[in-house]
Amino acid sequence: MAGLELLSDQGYRVDGRRAGELRKIQARMGVFAQADGSAYIEQGNTKALAVVYGPHEIRGSRARALPDRALVNCQYSSATFSTGERKRRPHGDRKSCEMGLHLRQTFEAAILTQLHPRSQIDIYVQVLQADGGTYAACVNAATLAVLDAGIPMRDFVCACSAGFVDNTALADLSHVEEAAGGPQLALALLPASGQIALLEMDARLHEDHLEQVLEAAARAARDVHTVLDRVVRQHVREASILLGD
Amino acid sequence: MLQKREKVLLLRTFQGRTLRIVREHYLRPSVPCHSPLCPQPAACRNDGKLLSSDVTHYMIPDWKVVQDYLEILEFPELKGIIFMQTACQTVQHQRGRRQYNKLRNLLKDARHDCILFANEFQQYCYLPRERGESMEKWQTRSIYNAAVWYYHHCQDRMPIVMVTEDEEAIQQYGSETEGVFVISFKNYLDNFWPDLKAAHELCDSILQSRRERENESQESHGKEYAEHLPLEVLEAGIKSGRYIQGILNVNKHRAQIEAFVRLQGASCKDSGLVSDILIHGMKARNRSIHGDVVVVELLPKNEWKGRTAALCENDSDDKASGDPPSEPMPTGRVVGILQKNWRDYVVTFPSKEEVQSQGKNAQKILVTPWDYRIPKIRISTQQAEALQDFRVVVRIDSWESTSVYPNGHFVRVLGRIGDLEGEIATILVENSISVVPFSEAQMCEMPVNTPGNPWKVSPEEERERKDLRETHLVFSIDPKGCEDVDDTLSVRTLANGSLELGVHIADVTHFVPPSSYIDTEARTRATTYYLADRRYDMLPSILSADLCSLLGGVDRSNKTLADSLDNANDPNDPIVNRLLRSMATQAMSNALYFSTGSCAEEEFHHYGLALDKYTHFTSPIRRYSDIVVHRLLMAAISKDKKMEIKDNLLSNKDLEELCRHINNRNRAAQHSQKQSTELFQCMYFKDKDPENEERCISDGVIYSIRTNGVLVFIPRFGIKGAAYLRNKDGLVISCGSDSRSEWKPGSLQRFQNKITSTTTGGESVTFHLFDHVTVRISVQASRCHSDTIRLEIISNKPYMIPDTELFQQSSLLLKSDLVKEVTRSVEEAQLAQEVKVNIIQEDYQKYCQTKGRSLYTLLEEIRDLALLDVSNSYVM
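Residue numbers (the numbering used here), protein chains in the order written: chain A, 1 to 245; chain B, 1 to 876.
In case anyone wonders, no lab produced these hints; they're calculated from the structure.
Just so we're clear, the structure is a prediction, and the values are computed from it rather than from any experiment.
Don't take every hint at face value.
Anything over 12 Å on all C-beta distances counts as not near chain A; from chain B, calculated [as the list claims (entries may be wrong)]:
| # | residue |
| --- | --- |
| 1 | L50 |
| 2 | T56 |
| 3 | C154 |
| 4 | Q155 |
| 5 | P330 |
| 6 | S434 |
| 7 | R465 |
| 8 | A495 |
| 9 | N663 |
| 10 | K720 |
| 11 | K754 |
| 12 | V779 |
Computed from the model, here is a short list of chain B residues facing chain A with C-beta under 10 Å [claimed, not checked]:
| # | residue |
| --- | --- |
| 13 | R5 |
| 14 | K7 |
| 15 | L27 |
| 16 | C44 |
| 17 | G48 |
| 18 | R667 |
| 19 | A668 |
Every residue, glycine too, gets a C-beta built ideally from N, C-alpha and C.
Make the full structure from the sequences, and use the hints.
Next up, the structure:
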């Protein structure tokens with residue numbers, strides 16, 4: 001069998017999308033009553049659940065407390081059934097630790113941490129099904145959860161991945177496209193100001209093409225923002241109706 | 001807008017477990033339909049290729065038809081073909097990359113009236129596969145459903161014919177929808193294209209070869225060859241250094257026995273081998289064909305063999321030459337083929353007597369390819385008798401390990417054996433040169449220049465360009481009457497006293513916008529092909545011979561740059577000098593184009609010209625590479641001037657691809673030129689009695705020594721060939737006191753720069769390198785291959801032409817005379833047969849070629865003159 005054609009001559013990707021099109025995004029806020037904030041998101045077949053506690057007092061060693069701002073603690077885990085082959089360990093492996101670190105960096109840049117000195121904000125994210133773009137799904141889920149918890153932020157943090165195939169930048173890679181092994185870029189953006197909260201790439205890509213891929217990822221992140229914004233407004237409307245009764 | 005669906009796939013993992021995978025599948029309300037009948041072209045976003053509007057129906061081939069009959073669908077006569085995405089994907093999955101790329105190129109090619117319809121991404125065309133439904137049934141159902149949708153989409157205005165090989169589908173869908181017909185492929189050809197004989201023949205031959213293959217796989221023979229190893233084993237073997245990867249090169253003169261593998265890429269450095277690897281015999285070659293990328297295993301050292309240095313004739317494959325082979329070289333055997341390089345082959349059917357000797361299996365016929373390096377091919381056909389006297393194109397289908405020869409099928413007829421047009425067509429096919437007349441769409445892009453409506457430089461352009469018409473004296477160095485003058489010169493003294501030399505080149509890129517139809521065509525052709533008596537242009541004649549030609553007294557736009565001159569010296573001994581020079585350049589590998597982005601700057605150099613950096617751009621009319629350089633130059637200029645750069649430059653990857661293509665085409669152009677020259681030489685000497693005709697005896701220079709003969713160059717005709725000192729009966733040459741040669745028993749002794757023949761009687765004669773000898777030229781006719789020139793030394797003294805004055809001139813004049821005379825005699829033969837003339841006339845129109853005493857003959861003379869010029873000025 002010949003290798004999979006990621007982008008056909010007619011400009012279609014394997015799953016029928018065009019180069020700049022996102023997968024279908026569905027999200028809900030406030031899925032758990034016992035947490036301060038929670039959200040669930042589906043980006044195509046990638047499904048993630050985020051829970052936020054805080055801001056609260058520092059748990060455990062007091063020495064970790066920061067005098068001028070809140071400590072953001074992120075934990076990432078991925079369900080054993082989330083991937084095609086069953087996983088052995090749901091969390092604590094290298095990949096999970098790295099992902100937790102990335103999430104922490106992202107949200108330290110977005111949350112107004114100086115408003116809550118000497119306190120802690122916990123963000124727990126779990127991936128239920130991994131079909132490409134797990135980082136992006138986690139960030140988007142966590143954004144909604146932080147918003148749900150009412151923690152003040154500079155802006156939404158919207159993340160999206162982008163790849164590069166046949167001189168074309170592809171937005172929002174699926175698992176098939178990621179597995180093909182091309183360059184892959186993950187971008188977390190604060191859409192209102194256009195500031196970048198996190199940018200990560202783990203393959204070789206020629207400098208000439210970087211701008212094009214970055215542009216595609218930023219455009220996709222803005223599209224994600226439009227969707228998330230609608231979800232938040234919808235949620236607020238529903239909540240106010242409930243309160244109004 | 002998009003609708004999300006999910007597809008469930010069951011894949012088998014390496015451990016053998018089944019894995020359930022869910023993939024998303026997005027559908028959209030409209031995908032481009034590429035039909036001129038589309039009611040909402042804006043919604044469909046039909047950009048690019050459209051189906052033509054003058055067809056009577058659209059044809060939709062089923063997946064099986066696309067797989068099996070793609071070659072027939074490639075006929076330009078078949079119009080209005082819609083390839084469904086479902087069908088294309090099965091080709092990709094089941095037939096591999098080669099076949100799929102063929103399909104992709106077909107879809108991209110503006111000359112073919114076919115499009116792809118992405119039915120699986122269309123909301124109403126997509127059908128999910130039902131539980132328990134077989135893949136094949138689902139594909140056929142999807143294609144039919146899409147056909148029905150397409151019919152309604154075009155508002156029922158265009159009948160659609162779906163062509164399938166599935167009998168059940170014909171039964172089931174045949175009369176389901178009015179306006180959508182479902183018929184079999186054979187039926188389709190019979191009803192819609194009864195006159196397209198070539199397609200019918202091809203169809204029969206494909207059917208027959210498939211039937212044969214099915215029969216064969218049932219019978220279980222003893223194996224003739226070892227099985228090829230699976231791909232993973234090969235790749236692992238190459239990595240570990242156990243196997244070596246390379247390109248198979250068959251020795252033209254010993255095609256049955258010797259082949260060499262030229263090492264490729266990393267294997268070169270790792271294995272520490274310096275030379276090529278010898279593959280001895282057909283068994284070791286294991287079904288690989290000249291040009292294939294093969295994987296080789298080295299044999300143990302005690303089985304290594306040496307290559308033969310003796311001259312030998314192509315047809316005699318007996319190993320009884322008796323010469324001790326040279327020292328052993330690395331020898332190996334092929335264990336697998338990574339990439340097959342099969343193309344179209346020109347073959348000849350065996351004559352009647354040979355068919356009878358092949359006997360009982362009259363259905364299967366062994367045909368002999370024109371190229372010596374290709375093994376005989378087994379064809380199943382009933383037309384063998386009718387095709388006996390023709391050159392025929394065939395394709396190889398498969399080569400099973402149980403079969404001595406590969407299986408193939410018949411594609412089309414080229415022409416009669418020995419007929420000039422047929423033989424030229426053979427040369428073109430063998431070099432994969434395809435020259436069809438320029439299509440209407442391509443000609444439409446050309447500017448108009450008629451006497452009533454002459455082309456002028458537009459005022460905007462005039463402002464943009466620097467006008468040298470008044471300030472410079474621009475002149476051409478091409479002779480009077482030359483049509484395609486693409487560069488001119490100008491000289492003037494500057495204010496500071498130095499000379500300015502201007503070189504002005506026609507601005508072809510102005511007329512050939514990137515990725516226009518004409519650009520695509522020019523890129524495919526890559527160069528103008530010059531054969532001995534004709535040329536096939538890269539661009540239409542309106543550009544090559546009119547607008548871009550810098551003719552005297554006519555305004556033309558062009559590019560200008562300044563350059564410098566070199567001096568030249570005088571000759572000593574013209575013929576030997578010229579010979580040396582041509583040998584020196586032959587020893588060098590040919591210069592190649594490459595993209596400067598693809599390798600480090602230290603690796604840039606041109607060996608032949610001894611320059612660090614070299615490119616040429618003086619002939620954009622006949623070289624596509626020059627067009628590319630022009631575009632780069634324009635981009636560089638517009639960048640300097642801070643103008644916006646049109647986004648049309650190629651990326652490094654595309655450019656590398658293009659360079660490979662151009663190099664490949666240039667090689668084909670050189671080969672075809674050489675082969676056509678040889679063809680003309682043979683036709684010139686054919687039917688002449690070598691004993692009596694004056695022209696058959698000539699002076700020659702020995703330029704190489706072999707164990708049983710010498711290689712001779714004949715300056716008068718520009719012929720190079722082998723002359724034997726030992727004949728087939730084992731007799732050697734001897735020259736008596738009158739220096740006339742005779743065959744006598746004796747032996748040969750070879751030294752570094754001479755060869756001595758000693759008879760048993762004690763007489764001996766020695767031939768030195770660069771000795772002049774008298775040779776007799778005769779033609780060895782061959783049925784299956786091209787005729788060859790034979791040389792026979794009849795005296796060891798130079799041949800004296802009475803008029804020595806003529807001696808120098810004759811070499812040049814006769815060479816072009818040769819072409820003229822052959823062309824004339826062919827024309828005379830044509831005149832004798834009125835009917836034949838008509839056919840040839842049609843051919844002339846078909847190939848758009850110039851007749852008889854063409855411009856080409858003129859150019860050829862100029863080239864010869866130029867050669868003389870340089871060789872005279874060559875410093876010893």
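We went through each hint and held it up to the structure:
no. : hint : in the structure
1   : L50  : 14 Å, holds
2   : T56  : 26 Å, holds
3   : C154 : 19 Å, holds
4   : Q155 : 24 Å, holds
5   : P330 : 33 Å, holds
6   : S434 : 22 Å, holds
7   : R465 : 31 Å, holds
8   : A495 : 44 Å, holds
9   : N663 : 23 Å, holds
10  : K720 : 45 Å, holds
11  : K754 : 58 Å, holds
12  : V779 : 48 Å, holds
13  : R5   : 9 Å, holds
14  : K7   : 9 Å, holds
15  : L27  : 6 Å, holds
16  : C44  : 12 Å, violated
17  : G48  : 9 Å, holds
18  : R667 : 28 Å, violated
19  : A668 : 26 Å, violated
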